[in-house]
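*Asks:* Sequence:
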Amino acid sequence: MLIPFDNEIIRLLDDRSFMDGVAKKYHYDESQIMDLYSVARTMKSTIQGDLEQGKAGWVDEIGLRKPAKPNVDEKSIIACITLGSGLDLLQDKYRADGNYLMEYMVETIASDLLMMAYPRWNEMVSKVYGRDVKRYHFYGSETDYPMEATTYALDKLGNPVDCTSGYCLIPKKSVIFAAELAAAGEKAQCEGICVYCKNDKCPNHFAG
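So for the sequence shown, my numbering puts the first residue at 18; every next one is plus one.
Among the hints, a few may not be true.
What the hints assert, rightly or not - Straight-line alpha carbon distances no greater than 25 Å define the calculated BS3-like cross-link-like pairs of lysine-lysine that follow: (1) Lys86 to Lys144; (2) Lys173 to Lys189; (3) Lys189 to Lys110; (4) Lys72 to Lys110; (5) Lys83 to Lys72.
Keep in mind the hints are simulated off the structure, nothing from the lab.
From just these sequences and the hints, can you work out the full model?
*Replies:* What follows is the structure, given as structure tokens:
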């Protein structure tokens, strides 16, 4: 069962600083800014609709337990974050209408929104579960986390999102990963999702 995002995630779609950061990173010019803001407002109402229906949010192994408590020797947990299926439908609509730039705007805004969701989830893990997140492990990026394990991970979480035969997540604006946890009582700062990535073509590589 998905836990709805806190207000801080959705609030970003109205945040001028966040939106200006998206505009700068993806090189939108002044003539495109109003469309960018318009797309963000539409995305906000779309995601809120999915949140109300339990189709957007985050879920992890610990939160599925009763009581929600990590095992003492637990070193990692599986987690999933999704912005919901409404954004896929919104992109389909923009594409059908020939609004390809606005379709791409959904992609870029959603990408940065997911980036901001990771640290918010980390904060929740630390506050509610009493364990800090040290590092993320993504399926298909490491030998110990093969792409084929994606279906196992989704099953373990109760299939909060779907997976194609090619291991693409549906809704598309979703992520699944294993989060390495600090030991009980140990303080740790998460290394972030980009630390071990070798893709220097990614926009996040130049975000700073």
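*Asks:* Now look at each hint and say whether the structure bears it out.
*Replies:* So, going through the hints one by one against the coordinates:
{"no.": "1", "hint": "Lys86 to Lys144", "in the structure": "holds, 12 Å"}
{"no.": "2", "hint": "Lys173 to Lys189", "in the structure": "holds, 20 Å"}
{"no.": "3", "hint": "Lys189 to Lys110", "in the structure": "holds, 15 Å"}
{"no.": "4", "hint": "Lys72 to Lys110", "in the structure": "holds, 19 Å"}
{"no.": "5", "hint": "Lys83 to Lys72", "in the structure": "holds, 22 Å"}
The structure meets every hint from the earlier list without exception.
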